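> Given next are the chains, with one letter for each unit.
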Amino acid sequence: MPNLKDIRNRIQTTKNTQQITRAMKMVSAAKLRRAQLNIQNLRPFANQILSVIADIATTQRVEHPLLNAHPEDQKVLLVVLTSDRGLAGGFNNNINRFAYKFFQDNRSKYQQLDFLFVGRKGADFFRARNIAGKETILNLAREISFGMAEGVASRLMAEFAEGGYDSVFLVYNEFKSAISQEVVCERLLPVDISKARVSSDSKNGFAADLIFEPEPALIIDDMLKKHFAVQVYRAMCESVAAEHGARMAAMENATKNAGEMIRGMTLTYNKLRQASITTELIEITSGAEALKG
Amino acid sequence: MFILNLVTPEKKLVTDLEIDEVIVPAYKGQLDILPGHAPLMTTLSTGLLKYRTKGSAQFETVVVSWGYMEVHPDGVVVLADVAESVAEIDRVRAEEQLKAAKAGLVDPLLENDQMVMFQHKLEKAQARLEALGIHDHGGTSH
Numbered sequence: 000m001p002n003l004k005d006i007r008n009r010i011q012t013t014k015n016t017q018q019i020t021r022a023m024k025m026v027s028a029a030k031l032r033r034a035q036l037n038i039q040n041l042r043p044f045a046n047q048i049l050s051v052i053a054d055i056a057t058t059q060r061v062e063h064p065l066l067n068a069h070p071e072d073q074k075v076l077l078v079v080l081t082s083d084r085g086l087a088g089g090f091n092n093n094i095n096r097f098a099y100k101f102f103q104d105n106r107s108k109y110q111q112l113d114f115l116f117v118g119r120k121g122a123d124f125f126r127a128r129n130i131a132g133k134e135t136i137l138n139l140a141r142e143i144s145f146g147m148a149e150g151v152a153s154r155l156m157a158e159f160a161e162g163g164y165d166s167v168f169l170v171y172n173e174f175k176s177a178i179s180q181e182v183v184c185e186r187l188l189p190v191d192i193s194k195a196r197v198s199s200d201s202k203n204g205f206a207a208d209l210i211f212e213p214e215p216a217l218i219i220d221d222m223l224k225k226h227f228a229v230q231v232y233r234a235m236c237e238s239v240a241a242e243h244g245a246r247m248a249a250m251e252n253a254t255k256n257a258g259e260m261i262r263g264m265t266l267t268y269n270k271l272r273q274a275s276i277t278t279e280l281i282e283i284t285s286g287a288e289a290l291k292g
Numbered sequence: 000m001f002i003l004n005l006v007t008p009e010k011k012l013v014t015d016l017e018i019d020e021v022i023v024p025a026y027k028g029q030l031d032i033l034p035g036h037a038p039l040m041t042t043l044s045t046g047l048l049k050y051r052t053k054g055s056a057q058f059e060t061v062v063v064s065w066g067y068m069e070v071h072p073d074g075v076v077v078l079a080d081v082a083e084s085v086a087e088i089d090r091v092r093a094e095e096q097l098k099a100a101k102a103g104l105v106d107p108l109l110e111n112d113q114m115v116m117f118q119h120k121l122e123k124a125q126a127r128l129e130a131l132g133i134h135d136h137g138g139t140s141h
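Sequences listed follow chains A and B, in order.
When the letters of the first sequence are read in order and numbered with numbering that gives the first Met the number 0, they come out as residues 0 to 292.
When the letters of the second sequence are read in order and numbered with numbering that gives the first Met the number 0, they come out as residues 0 to 141.
Derived by calculation from the structure, the hints in this document are not laboratory data.
Any given hint could turn out to be false.
Straight line, CA to CA, 30 Å or less: simulated DSBU-like cross-link-like pairs of lysine-lysine [as the list claims (entries may be wrong)]: (1) B:Lys120 - A:Lys270; (2) A:Lys4 - A:Lys270; (3) A:Lys175 - B:Lys11; (4) B:Lys27 - B:Lys53; (5) A:Lys255 - A:Lys24; (6) A:Lys120 - A:Lys24; (7) B:Lys10 - A:Lys224; (8) B:Lys10 - A:Lys24; (9) A:Lys30 - B:Lys10; (10) B:Lys120 - A:Lys224; (11) A:Lys30 - B:Lys11; (12) A:Lys108 - A:Lys120; (13) B:Lys49 - A:Lys224; (14) A:Lys133 - A:Lys120; (15) A:Lys74 - A:Lys24; (16) A:Lys175 - A:Lys255; (17) A:Lys4 - A:Lys74; (18) A:Lys224 - A:Lys74; (19) A:Lys175 - B:Lys10; (20) A:Lys224 - B:Lys53; (21) B:Lys27 - A:Lys224; (22) A:Lys133 - A:Lys108; (23) A:Lys100 - A:Lys120.
All figures in this text were calculated on a predicted structure; none of them were measured in a lab.
In isolation and in its complexed conformation, chain A is listed as follows:
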């Protein structure tokens, strides 16, 4: 039977844990707001770039290696975007399981299927299964910035060019709402502009006598690289927002569970205390009775 002191200690420990989880929830909530803002701020830039690429590509008939619309997937690079830290519920696990399933399903289909990890959790998961990534990008700065995403993007681009991959896929958590995320797998390279083409017709009033400086082929090269970096940045923003959302929900649950545990233990504690008082009283009264004789 546990004694009173033990229970008291356990209650105190649980209370401390609860305080930590509550603080983590607050921190995540604040970070989530900022991450959501990042996504919103990026949207006009991303849309504009994509529509310009689509406009140039359709009106000027520019060919570009990154614009191949019907790639034959033989050599594939899968980029797995996870977080460096845990305690975010199923956030990393969902990604890893999805990527692992993708690997098992498609292993025989492709000639070559390589991994590249961004974030520690993904790399750890696959290392435990004896799958090494081509490269692992860790310790992303706490605050993601476009400059940082561009660095990652240029490394991916180099892998694409040097590794001779036909396609680069990215698996990440898309931010749906503060409490829900969805694992998505997207083709990053070659760039798919079919979506933009529909929405952008003649909105910009593309004149026939448009002046290009430098020539369209050079502009589109620049724009495609930018677009790619923007896609990477967007995925990172989504992933970070999703991570904070997931962590917020997980910590909310933990705080609630800790509260329940504290309630249960307090009940036991009080019962025990009462029991011991009752025993003591019985002892005293029976002692007094005995003296009366």
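Keeping the supplied structure of chain A fixed, place chain B upon it in accordance with the hints.
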């Protein structure tokens, strides 16, 4: 109506502002755009972008680095990697960056892409200082 929009991946610096004139650091050299300019599409290099709000005589200065500009009959759209208004520039930091970039460029074992990176940094730092009215006459060392 001649409207300026200046957007970066991280923020919108100028939204639907009516302007009289905008000067941009275009692909090769400065470009002065007035209302009624022929439709144009160009990339921008690192430097100072200046615009004059409608009816105002004074230019506002913004430092931009890599960008893209589209001129259409109703206005100008500028997309830039980095865009900082003069108020946002930290002089001490810009000077440090300039020094670091210069020190980096002196290294004889520099690889090509590192060289490009340092040059880019140098240009950015110079543009920032120029926006503050400080001119760097030290020149580049290559």
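> Does each hint fit the structure? Answer for all of them.
A quick look at each hint next to the structure:
1. B:Lys120 - A:Lys270: Distance ~70 Å between Lys120 of chain B and Lys270 of chain A Cα, so the pair is violated.
2. A:Lys4 - A:Lys270: Holds - the C-alpha atoms of Lys270 of chain A and Lys4 of chain A are around 14 Å apart, at most 30 Å.
3. A:Lys175 - B:Lys11: holds, 24 Å
4. B:Lys27 - B:Lys53: holds, 27 Å
5. A:Lys255 - A:Lys24: holds, 12 Å
6. A:Lys120 - A:Lys24: holds, 20 Å
7. B:Lys10 - A:Lys224: holds, 20 Å
8. B:Lys10 - A:Lys24: OK: Lys10 of chain B and Lys24 of chain A at ~27 Å, within 30 Å.
9. A:Lys30 - B:Lys10: holds, 17 Å
10. B:Lys120 - A:Lys224: With a Cα-Cα distance of about 19 Å, the restraint between Lys120 of chain B and Lys224 of chain A holds, given a limit of 30 Å.
11. A:Lys30 - B:Lys11: holds, 20 Å
12. A:Lys108 - A:Lys120: holds, 27 Å
13. B:Lys49 - A:Lys224: holds, 26 Å
14. A:Lys133 - A:Lys120: Distance of about 16 Å is within 30 Å: holds.
15. A:Lys74 - A:Lys24: It is violated: about 42 Å lies between the C-alpha atoms, which goes past 30 Å.
16. A:Lys175 - A:Lys255: Holds. Lys175 of chain A to Lys255 of chain A sits at ~23 Å (cutoff 30 Å).
17. A:Lys4 - A:Lys74: violated, 63 Å
18. A:Lys224 - A:Lys74: At roughly 21 Å apart (the allowed maximum being 30 Å), Lys74 of chain A and Lys224 of chain A satisfy the hint.
19. A:Lys175 - B:Lys10: holds, 22 Å
20. A:Lys224 - B:Lys53: Not OK: Lys224 of chain A and Lys53 of chain B at ~35 Å, beyond 30 Å, violated.
21. B:Lys27 - A:Lys224: holds, 20 Å
22. A:Lys133 - A:Lys108: It holds: about 19 Å lies between the C-alpha atoms, which stays within 30 Å.
23. A:Lys100 - A:Lys120: holds, 17 Å
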